[in-house]
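A.B. asks: This is what each chain is made of:
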Amino acid sequence: MSLFSKNETIKPIDFSSKAHYRTKAFPSPFYSRQEPLNVLKEWGRWADYLSPHAYHCSSMEYFAARNACAVFDLTPMSKYRISGNDALAYLNRLMTRQVGKIKPGRVGYCVWCTDAGQVIDDGTIFHIRAGEYRLCSQERHLDWLLTNTMGFDVSVTEETHQVAALALQGPTSCATLREMGLAGIENMKPFGIAHFSFAGTQLMVSRTGFTGDLGYELWIDPQHAGLLWDRLFAAGSSRGIQPMGDEALAMLRVEAGFIQAGHEFMPAHQTVRTGHTRSPFELGLSWLVDFSKPNFNGRKALLAEQQRGHRYNLVKLDIDGNKPANNSYVFTSRKKLVGTVTSALWSPSAKASIALASLQAPYGKPGEEFLVEIYYQKELKWSRVMATAHVISGVFYAPPRKRLTPPADY
Amino acid sequence: MRARPIVIIGAGHNGLTCSAYLAKAGQQVTVVEASGQVGGAAVTREFTPGYRVSAGAHLLYMLDKNVRKELSLESAGLSFSQLDMKTVALAEDGNHLVISGESLHGADITDSDQTAMKEYQRFMTRFAAVIGRAHNRIPPRVGTKNRSDLLTMAKTALDIRMLGRDDMREFLRIAGINIYDILQEHFEHPLLKGALALDAVLGTNLGPRSNNSLFTALHRRSGLQGMAMPKGGMGAVSDALATAARKHGASIRTSATVARILMEGDRVTGVELQGGEKISAGTVISSADPKTTFFGLLGARNLEAGFVRKIHNIRMLGTTAKLHLALDGLPAFKGLERGLLGERLLIAADIEYVEHAFNHAKYGEHSSRPVAEITIPSLHDDSLAPAGKHVLSAVVQYAPYQLKKGWSTEKAGFTDLVIDLLEQYAPGIRRQIIHREMLTPVDIEREFRITGGHWHHGELAMDQYLMLRPVPHSAQYLSPVNGLFLCGAGSHPGGGVMGSAGRNAARAVLSVIKAGKRA
Numbered sequence: 000m001s002l003f004s005k006n007e008t009i010k011p012i013d014f015s016s017k018a019h020y021r022t023k024a025f026p027s028p029f030y031s032r033q034e035p036l037n038v039l040k041e042w043g044r045w046a047d048y049l050s051p052h053a054y055h056c057s058s059m060e061y062f063a064a065r066n067a068c069a070v071f072d073l074t075p076m077s078k079y080r081i082s083g084n085d086a087l088a089y090l091n092r093l094m095t096r097q098v099g100k101i102k103p104g105r106v107g108y109c110v111w112c113t114d115a116g117q118v119i120d121d122g123t124i125f126h127i128r129a130g131e132y133r134l135c136s137q138e139r140h141l142d143w144l145l146t147n148t149m150g151f152d153v154s155v156t157e158e159t160h161q162v163a164a165l166a167l168q169g170p171t172s173c174a175t176l177r178e179m180g181l182a183g184i185e186n187m188k189p190f191g192i193a194h195f196s197f198a199g200t201q202l203m204v205s206r207t208g209f210t211g212d213l214g215y216e217l218w219i220d221p222q223h224a225g226l227l228w229d230r231l232f233a234a235g236s237s238r239g240i241q242p243m244g245d246e247a248l249a250m251l252r253v254e255a256g257f258i259q260a261g262h263e264f265m266p267a268h269q270t271v272r273t274g275h276t277r278s279p280f281e282l283g284l285s286w287l288v289d290f291s292k293p294n295f296n297g298r299k300a301l302l303a304e305q306q307r308g309h310r311y312n313l314v315k316l317d318i319d320g321n322k323p324a325n326n327s328y329v330f331t332s333r334k335k336l337v338g339t340v341t342s343a344l345w346s347p348s349a350k351a352s353i354a355l356a357s358l359q360a361p362y363g364k365p366g367e368e369f370l371v372e373i374y375y376q377k378e379l380k381w382s383r384v385m386a387t388a389h390v391i392s393g394v395f396y397a398p399p400r401k402r403l404t405p406p407a408d409y
Numbered sequence: 000m001r002a003r004p005i006v007i008i009g010a011g012h013n014g015l016t017c018s019a020y021l022a023k024a025g026q027q028v029t030v031v032e033a034s035g036q037v038g039g040a041a042v043t044r045e046f047t048p049g050y051r052v053s054a055g056a057h058l059l060y061m062l063d064k065n066v067r068k069e070l071s072l073e074s075a076g077l078s079f080s081q082l083d084m085k086t087v088a089l090a091e092d093g094n095h096l097v098i099s100g101e102s103l104h105g106a107d108i109t110d111s112d113q114t115a116m117k118e119y120q121r122f123m124t125r126f127a128a129v130i131g132r133a134h135n136r137i138p139p140r141v142g143t144k145n146r147s148d149l150l151t152m153a154k155t156a157l158d159i160r161m162l163g164r165d166d167m168r169e170f171l172r173i174a175g176i177n178i179y180d181i182l183q184e185h186f187e188h189p190l191l192k193g194a195l196a197l198d199a200v201l202g203t204n205l206g207p208r209s210n211n212s213l214f215t216a217l218h219r220r221s222g223l224q225g226m227a228m229p230k231g232g233m234g235a236v237s238d239a240l241a242t243a244a245r246k247h248g249a250s251i252r253t254s255a256t257v258a259r260i261l262m263e264g265d266r267v268t269g270v271e272l273q274g275g276e277k278i279s280a281g282t283v284i285s286s287a288d289p290k291t292t293f294f295g296l297l298g299a300r301n302l303e304a305g306f307v308r309k310i311h312n313i314r315m316l317g318t319t320a321k322l323h324l325a326l327d328g329l330p331a332f333k334g335l336e337r338g339l340l341g342e343r344l345l346i347a348a349d350i351e352y353v354e355h356a357f358n359h360a361k362y363g364e365h366s367s368r369p370v371a372e373i374t375i376p377s378l379h380d381d382s383l384a385p386a387g388k389h390v391l392s393a394v395v396q397y398a399p400y401q402l403k404k405g406w407s408t409e410k411a412g413f414t415d416l417v418i419d420l421l422e423q424y425a426p427g428i429r430r431q432i433i434h435r436e437m438l439t440p441v442d443i444e445r446e447f448r449i450t451g452g453h454w455h456h457g458e459l460a461m462d463q464y465l466m467l468r469p470v471p472h473s474a475q476y477l478s479p480v481n482g483l484f485l486c487g488a489g490s491h492p493g494g495g496v497m498g499s500a501g502r503n504a505a506r507a508v509l510s511v512i513k514a515g516k517r518a
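Sequence lines, in order, name chains A and B. Under numbering that gives the first Met the number 0, the first sequence has 147 at position 148, and the numbering climbs by one with no breaks. Under numbering that gives the first Met the number 0, the second sequence has 233 at position 234, and the numbering climbs by one with no breaks.
Next comes chain A alone, as it looks inside the complex (with noise of 0.2 Å):
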């Protein structure tokens, strides 16, 4: 028995009225969408919202994102509106890196750090309109970015649940958008924004997702939610759309080279033993951070380290075979323990067993090779290999279409 029957307006979470507690997760405003659709029943959790691993076969909607489009339900992520006189200078000593950068209509990825130069998430800044900013990450934030207003004229509110989203990535996402009725959208630049109307609401249109692809984010409030899903559908009809859960997703992002929280690092946040997290320059995101800035979090601690030098070196390995290097540790050829993967599968793009590690500096430099120690099990029978690995400087997959504009039309 479903939660919600099909046809039935979901509300957006009213916290007033306090039911919120009542339910430990909550069906996120595309549920009576989902819900069908997800033929595994695979509910997995993120954050305090239900959100699918997979509808029907991760692999498929792995390959819908390759090579048609996929939708992702983004509605979990965290979201915070940052306005007032002094948005640009809070976020500049929020952020590592210089925010005035991101113009209006323009969105830029991030990373923000505890005073100790820790990274404790990293996210996108959409400049939505001048001074008016909204923060997206994978975790909760509040009560850091509340702390983070002690001194400005700045207002912070949260609209994680105000906001119903949707990532649309793949080579047909384009010509999806445009057959949903979204005029000029092959006219956007990537990490732009546009608005458009939509069923007598705002649709706010990103160009902007997590795959390394071509792909939209597309942003709604939530009574407009099951419409928006029932459109783009209708749209993406002919063009081989699916829904994707978060396994696909994983896929998509390892290939593409981008760090997720709680895989590539742990939010300083959440870390109690010292020394499990990471710095920006042991993320390989030294390019976010902006000395040039007199203060922000970080920068004094960040110094040091860029004196002192860093512990760790986060590495593209392109390692032998087909056995993915979960959770593997990597040495030298000589058998040191340098280092872990943190991310790893067989890329079906990019036809190679591929990984994210982190190495203990200074290993880690491109073209150096590694051993990954694999384990894997056929019929309960376990298998070890130590497989080859060397560092690539490049990324694993990234087709010219994700810069492309206009996109090819498919």
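Take the hints with a grain of salt, since some may be wrong.
[Unchecked claim] Derived DMTMM-like pairs: lysine to aspartate or glutamate, alpha-carbon spacing no greater than 25 Å straight-line:
| no. | chain 1 | residue 1 | chain 2 | residue 2 |
| --- | --- | --- | --- | --- |
| 1 | A | Lys292 | B | Asp265 |
| 2 | B | Lys144 | B | Asp158 |
| 3 | A | Lys100 | B | Glu263 |
| 4 | A | Lys299 | B | Asp158 |
| 5 | B | Lys309 | A | Asp152 |
| 6 | A | Lys299 | B | Asp265 |
| 7 | B | Lys309 | A | Asp85 |
| 8 | B | Lys309 | A | Glu157 |
| 9 | B | Lys309 | A | Glu304 |
| 10 | B | Lys410 | B | Glu436 |
| 11 | A | Lys335 | A | Asp289 |
| 12 | B | Lys144 | A | Glu304 |
| 13 | A | Lys23 | A | Glu138 |
| 14 | A | Lys299 | B | Glu263 |
| 15 | B | Lys309 | A | Glu367 |
| 16 | A | Lys292 | B | Glu263 |
| 17 | A | Lys292 | B | Glu271 |
| 18 | B | Lys513 | A | Glu304 |
| 19 | B | Lys309 | A | Asp142 |
| 20 | A | Lys100 | B | Asp265 |
[Stated by the list, open to error] Quick list of the computed label-pair ranges, beta carbon to beta carbon:
| no. | chain 1 | residue 1 | chain 2 | residue 2 | range |
| --- | --- | --- | --- | --- | --- |
| 21 | A | Ala46 | B | Ser250 | 57 to 67 Å |
| 22 | A | Ser154 | B | Ser254 | 48 to 58 Å |
| 23 | A | His389 | B | Ala174 | 51 to 61 Å |
| 24 | A | Gln306 | B | Ser382 | 41 to 51 Å |
| 25 | A | Asn84 | B | Thr253 | 51 to 61 Å |
[Said to hold, decoys possible] Chain A regions said to be covered by chain B (calculated; three or more residues, Cβ under 8 Å):
| no. | region |
| --- | --- |
| 26 | 49-61 |
| 27 | 290-300 |
Derived by calculation from the structure, the hints in this document are not laboratory data. For glycine and all other residues, C-beta sits at the position ideal for the given N, C-alpha and C.
Once you have looked at the hints, place chain B on chain A.
C.D. replies: Relative to the frame of chain A, chain B by itself:
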């Protein structure tokens, strides 16, 4: 090459001490003070024409002996009108208890209390000495391998170990607990327990049953000296410090209010005064409390957020009010002989009385029956009042900074209530009052520019002491901002007119300047 000038914000006793040491070491120092006179909360001022009083602290018992000697405060004009003052625990029926060191008189005190008092004084003095020795040390950073930090930690550990097996055990047992339990273990007489409990909680947001109240009792004794009154009031201490500082070449500007600390990039470049004048400096040392320094003068936005949160969370809500009375003659306390009138008089009938007085503070009310520490300084010092007239100065608790109904509506009523209380002990005192002045924590905040009106620039407690004062990573008189230092009571070893924070800060600043030169 000339050393880069140093600006010190605030001419309180710590700011002055720091300036004197830095000037003595050859630094070019300017102290800027918002008030028209030096001293901060160690000040003597007129509160009605002809009557002068120590408006903040009114007794001296913790002044750092090193400061006194090294800055030659006696030759700079410091003298005393009264030394080794006794304590009189007032009884409403006139059967008062007189405490003089370890000896007890009056109030039908029992032999067992007499014996217990000797033992109590013995171990409290030993334990206070451990705390006192830490006062002249720059707190160590935790988790570093720095040799001087490790040495400081080792010294304090050794001080505790050197207490010997039994006393060390007792020290470790009681250091974190409350005075109530300890006094109940040792004593019987209600007046004695009330008086000793009051000493533990005076100036704090604690009751006798609150944890840490044993620690505050030790802290208060850590100067290992008797209660004294400087001639001319507490302002005389500050004046002597200012004289010493000037002698060494420091310049002191009064009526110069710092509006903000100036920064360029990630370091301070000086201060801007109200009115727009800018004083440039390579080093700025603030004797203001940490919240005033970092939020009021520097701006939270110039700091990293984790540090801002720590500073924000410092507990510094004052609960102590100050009553000043100009009297037409000497008050007559029931059953108190004239010779004891000039001593330290306490209203704290018993330990439960003190705890009940504190209960109100927990809920945003002032005590209905407050506790008080009363002095009549004009008995020892005729410079304070016209001939035949007198000045009464009383520290009164509990008067919480955050009062539910607000001090603007409650102040007059609270003052009446305190005078009613005095009337019970000294009948007729009400008619002798020529003028009265009550400083609530809100007034103390305004007059002395201390956030929350808290005497100690932050509650004294084990979690806000030593390397945790004011907050970790800023406890070595340093701040996260290059060139900005702290030297006030908000830093180790805290409040009370000691000068140790100023002296330690000067050492810390000099070592940073030296290291900078080497680099």
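A.B. asks: Does each hint fit the structure? Answer for all of them.
C.D. replies: Okay, the hints, checked on the actual structure:
1. A:Lys292 x B:Asp265: holds (9 Å)
2. B:Lys144 x B:Asp158: The given pair, whose Cα atoms are some 21 Å apart, holds under the 25 Å limit.
3. A:Lys100 x B:Glu263: Distance ~22 Å between lysine 100 of chain A and glutamate 263 of chain B Cα, so the pair holds.
4. A:Lys299 x B:Asp158: Given pair lysine 299 of chain A, aspartate 158 of chain B is violated - Cα atoms ~35 Å apart, limit 25 Å.
5. B:Lys309 x A:Asp152: holds (20 Å)
6. A:Lys299 x B:Asp265: Judged against 25 Å, a Cα distance of about 9 Å means the pair holds.
7. B:Lys309 x A:Asp85: holds (22 Å)
8. B:Lys309 x A:Glu157: holds (24 Å)
9. B:Lys309 x A:Glu304: holds (23 Å)
10. B:Lys410 x B:Glu436: holds (10 Å)
11. A:Lys335 x A:Asp289: Since the Cα atoms of lysine 335 of chain A and aspartate 289 of chain A sit roughly 35 Å apart, the hinted pair is violated (cutoff 25 Å).
12. B:Lys144 x A:Glu304: holds (17 Å)
13. A:Lys23 x A:Glu138: Distance ~17 Å between lysine 23 of chain A and glutamate 138 of chain A Cα, so the pair holds.
14. A:Lys299 x B:Glu263: holds (15 Å)
15. B:Lys309 x A:Glu367: Measuring from Cα to Cα gives roughly 44 Å; hence the hint is violated.
16. A:Lys292 x B:Glu263: holds (11 Å)
17. A:Lys292 x B:Glu271: holds (23 Å)
18. B:Lys513 x A:Glu304: Holds, because 24 Å separates the two Cα atoms, which is no more than 25 Å.
19. B:Lys309 x A:Asp142: Holds. Lysine 309 of chain B to aspartate 142 of chain A sits at ~14 Å (cutoff 25 Å).
20. A:Lys100 x B:Asp265: holds (21 Å)
21. A:Ala46 x B:Ser250: 57 to 67 Å: holds (59 Å)
22. A:Ser154 x B:Ser254: 48 to 58 Å: Given about 39 Å between the Cβ atoms, the range is violated.
23. A:His389 x B:Ala174: 51 to 61 Å: holds (59 Å)
24. A:Gln306 x B:Ser382: 41 to 51 Å: Cβ of glutamine 306 of chain A to Cβ of serine 382 of chain B: about 59 Å, so the range 41 to 51 Å is violated.
25. A:Asn84 x B:Thr253: 51 to 61 Å: Cβ of asparagine 84 of chain A to Cβ of threonine 253 of chain B: about 36 Å, so the range 51 to 61 Å is violated.
26. 49-61: It is violated: at least three residues are needed, and the region 49-61 of chain A offers just 0 whose Cβ sits closer than 8 Å to chain B.
27. 290-300: Our answer is that it holds, as 7 residues pass the Cβ test (under 8 Å) against chain B, meeting three.
Of the numbered hints given earlier, the model fails hints 4, 11, 15, 22, 24, 25, 26; all others are met.
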